[in-house]
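Input sequences plus hints: build the corresponding full structure.
Taken in order, these protein sequences are the chains called A and E. Here the first sequence is numbered in the numbering used here, starting from 4 and rising by one per residue. Here the second sequence is numbered in the numbering used here, starting from 4 and rising by one per residue.
Because the hints were derived from the structure by calculation, they are not lab data.
No copy is singled out in the list; a pair is fine if it fits within one copy or between any two copies.
Derived BS3-like pairs (lysine-lysine); straight-line CA-CA distance at most 30 angstroms: (1) K347 to K114; (2) K61 to K27; (3) K346 to K115; (4) K27 to K182; (5) K528 to K114; (6) K87 to K462; (7) K282 to K371; (8) K339 to K371; (9) K176 to K115; (10) K51 to K339; (11) K115 to K347; (12) K462 to K20; (13) K27 to K462; (14) K59 to K27; (15) K61 to K371; (16) K371 to K528.
2 protein chains.
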Amino acid sequence: MRPLTAPLSPLVIENVKPCVDDGKFPIKRVVGDTLTVTATIFRDGHAKIVPLLKYKEKCTDQAWIEVEMVSINPGLDLWQGSFKLEKNTRYLYTIEAFTDIYYSWLVDATKKFDAGQDIPSDLLEGQQHLEETLDRLEENDYLSQTLAMLSTAESQAGQMAIFSEQRLKDFMKEHSARKDAATFEPTLEVIVDRLQARYSAWYEMFPRSQGTVPGQSGTFADCKARLPEIKRMGFDVIYLPPIHPIGVTNRKGRNNSLVAGPNDPGSPWAIGSEHGGHKAVEPSLGTLEDFMDFEQACRQMGMEVALDFALNCSPDHPYLKDHPEWFLKRPDGTIKYSENPPKKYEDIHSFDYEAPNGAWKALWEELKDVLLFWAERGVRIFRVDNPHTKSIPFWEWVIAEVQDSYPDTIFLAEAFTRPAVMKRLGKIGFTQSYTYFTWRNFKREIIEYLTELTQAEMKEYYRGNFFANTPDILPEILQVGRRPAFKMRFALAATLSSVYGIYSSYELGEAAAIEGKEEYLNSEKYEIKVWDWDRPGNIKDYIALINKIRRENPALHLYDNLKFHEAASENVLFYSKATPDQSNIILAVVNLNPFSTQQARLDIPIDQFKIGPDDPYRLHNLITGESHLCRGREFFVTLDPHKDPAYIFRLGRWLHTEEGFDYFGM
Amino acid sequence: MRPLTAPLSPLVIENVKPCVDDGKFPIKRVVGDTLTVTATIFRDGHAKIVPLLKYKEKCTDQAWIEVEMVSINPGLDLWQGSFKLEKNTRYLYTIEAFTDIYYSWLVDATKKFDAGQDIPSDLLEGQQHLEETLDRLEENDYLSQTLAMLSTAESQAGQMAIFSEQRLKDFMKEHSARKDAATFEPTLEVIVDRLQARYSAWYEMFPRSQGTVPGQSGTFADCKARLPEIKRMGFDVIYLPPIHPIGVTNRKGRNNSLVAGPNDPGSPWAIGSEHGGHKAVEPSLGTLEDFMDFEQACRQMGMEVALDFALNCSPDHPYLKDHPEWFLKRPDGTIKYSENPPKKYEDIHSFDYEAPNGAWKALWEELKDVLLFWAERGVRIFRVDNPHTKSIPFWEWVIAEVQDSYPDTIFLAEAFTRPAVMKRLGKIGFTQSYTYFTWRNFKREIIEYLTELTQAEMKEYYRGNFFANTPDILPEILQVGRRPAFKMRFALAATLSSVYGIYSSYELGEAAAIEGKEEYLNSEKYEIKVWDWDRPGNIKDYIALINKIRRENPALHLYDNLKFHEAASENVLFYSKATPDQSNIILAVVNLNPFSTQQARLDIPIDQFKIGPDDPYRLHNLITGESHLCRGREFFVTLDPHKDPAYIFRLGRWLHTEEGFDYFGM
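Here it is in structure tokens:
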């Protein structure tokens, strides 16, 4: 027997969007975004309803702010409401709906009156609604006056005119008793990040390879010296692999050899030595002060530093001695090194995130403290190393904890693993994630993958940071396609996603790989390098041009506005990005084949931009500087990979005035 | 600060299917179905997991029954499990997953051993796993013996052989400590109906029109006399509009006129008179005993009665006098009649499902009591009149309450309204629902709508009962298309859905409509009729043939196995239904144009039936009796609407044996 306590609300609120896994996880937006929420909302019978979108900042005592929703499709019971996300924090939002008794009555009474029926009883009901409201408010001049006017109205028409006044309808809605009120559950959450979470260009570099003397470690001072050049290329974020002291015991040698030579510096990911652990700086790079000086210098130039957060400990990490309880042990009580059987990683040890007897709690707190240590020193971006091999519940906890103190903190998940795991890391809080973009080279697979990333549910919680290469991945297309491929893949990364990155030496076209692998030969991971940053064949000017185009075109600052269009060639990818108001429209067309010139007929989606088949418009090629006056859907391109593997057009409308062109943003 | 109490499970269980609105509502199946559940299940790191599908009957103290799930796509972390639904009741199901410590250890140890590594520490760990399990079990001969064998094993190879035995792996899984165990929430529910909920053919008739004397009400005895004929046509359910006493006050006259003549019987939906209300029988039809006699007669012939559950009260219903508190009132205290302004329904009054001062509770209990009253008398199917204009929370409560006592009760929702409301009624418990099929006539719209109904999420909770006509709807296609249209629409209803119905006189091709409307002229709703059930031009034999084909072909007993295929004509609809094991495959092709013969080339989807391009197969035309020996995908049909607007083929495979044909089920 089901207990009959109070009648349930007849109002239904369902199909609320955006929403991840039915509200189990927050969606993500950036400051300044308008959040538009839609839902299917209805009740049984014919009564009118009022749905309200409600929101407030999380973790405050703030009252809910209410926005009335509007019906956008009555046949489908679809409603919509919006509000602006002003602050870099987490907001809660939900929907409340109730029956609008007064308006329901008014609609019915009006229909009867208009049909010529005598409605004395209905008019009495209307009066009762007003009286009940007045009782509830205890005192209200406007309502008292309205009731007085009603009592002196000489005809049913006169009364209906009073009942129908817009001011009265609004008043009655505002002071509604909210009969049948239902609220959507669970309460939904949106993480509002700062803009850089969605829009930034990353440059990854090993500090020790920024020096000029072969065999000698570069320092933070050397890094600082490179800033003007990196700034000129147009990057926003400088991401450094771990800068902490590197272990000596079982240190890896060049090309990942098991035994290090006397001058081999070791992998920066084998963290911890007599000089300290995750809160210390590798002495050969400089001091903590040197790092902070470098960080400040970046900031002054409008860039910022991202640090690597790698939860590995070398055998020499102080934690091993001070907190052996945080590590996995063998039956004989010794600490295990990391392994992926049969592979052994004898230079590092992994934490036990479920360390027994409550030891895991102190471990989690200490790791949070490491993040806070660097956040206090100005670092607000962390690239997290292999988060999928650590504890997912730990990430969910620590990201929320750090963002409580520093909501501007950005976490990038470096997880290249199975899709379900990568998605989960996005859902539980990672601000950005690595993607399979690095391996998607062909037209169909790019369209399929990018459509999933940017047009389906993933766009709500997963921000793909498109890396064209990483210290671990020198993609085959770059190895074989060389300079044209480096340009082509750069153009793709920088225009397909609003957030992307390269690992240094990309700008030099460095393509020396270990035979048969997508790995760098003589990788910086295991040795100090000295680079000629102006080496012939570099693509630094090309990078600077494309980053300039990104900066100047707001359409490229958005992530989920990517649309693919028809290009009559399997080697040519054609897509657009536009701002929601279409004041900035970018069309990009890329030759995916680095070996030969491709021609293609493009189908310009003029209807999507409200350009008629006979309206003229202008395509301004931001790569070549040329302009084309166009009409209709057809446009032909020829893309020589050695010259320009990609064209980026800004579409300008043609205004029929003497002044001529009006193209936006120029 | 988030409290750190116990580490959360690293196991993730998500994307569980089937599941309606993330588990807010039950799915539906019928007795004998196998429920197959899939889910994305994984954990961080590399450890092996064991997911279990768990189920039990709801409302019992039964323990969970566990079925181990199998990995069906490791890359996507997709797992699957199944169990058979044996009883007509509600089951609960969920998924539990845990880390398989022993097997995880074994996989890693094996990899190391196979790579030639010396693994004494790993072997010690394996032994510890066994010892811990033995401690937990306190006593176990098998495990003690295994440990003894291990201690005497002379080599690492010998120990690994013991550790790797299948029996030990199974034992360790079965007796696992279930580390990290996580259970999917919310617990999911499946309503397991009896077969008739999904597979039945309905025949609707007004008892008072089953007589033979003009102007004189037919009786239950007359109804009984018609049973052999209805049985011969092949129907399973005889659905009667309300059989209760009809009100006199404000009774509607013929063709819905406002004033009834002295001999007008009134609308059966205006329930209640001095002879009683919803638990009484209209005297002109007979007594309650007469009804029960009729009900028994149906049952003996393998058919059953469905009653109408219409929550309207005529002004003469005893409830108005006995329970005025259950109705909506005017300001002067009188009871309101029903209305849809400016339309008035002065012959009926609606209940107030939120009647104040707790009166609604007694109302809800009384209405439940009405259903139980008829259920006790053998009626287990209710067609609910306009449920969307009543209270949705009431339906959710009362359906569950009645099915607790009579799980074999079927509720059909007669809601023709907006899609969101119709879907909701299915979600909250209605066994079957009316659909827009009645108005879908053209190829594209049929394919689109039926695909949504049978192939998308709706199939889990919404069973469309396809009525070709109703007392309220005489579709335009029947009015203009006449006999060919009646045959065509019947064939569609009976083969597109496993559950369908007609309203009597359909078999006679009755098409007299009110000018310009889809309504019957001289509707039975307001007058007594006498029919010539053998009137020339009737399609009774056609109906009997198609119902026979339905009975003999299990593919037509299923609802969500509908697939559309290519027919090279906009007027020809081509679709198939097959049993999951493909032992019964039905292809149907229908000329949607009742005015002219259509020809079309069909694209037989032989690949879906695992028939190669060169394999012969047979199409047996169950309408004409002809057979065709075929090869390849092309097949041409000519459909003369005056002769056969539809062909229904059974596809028979060709076995390369001397015996020749083996087509299934014949």
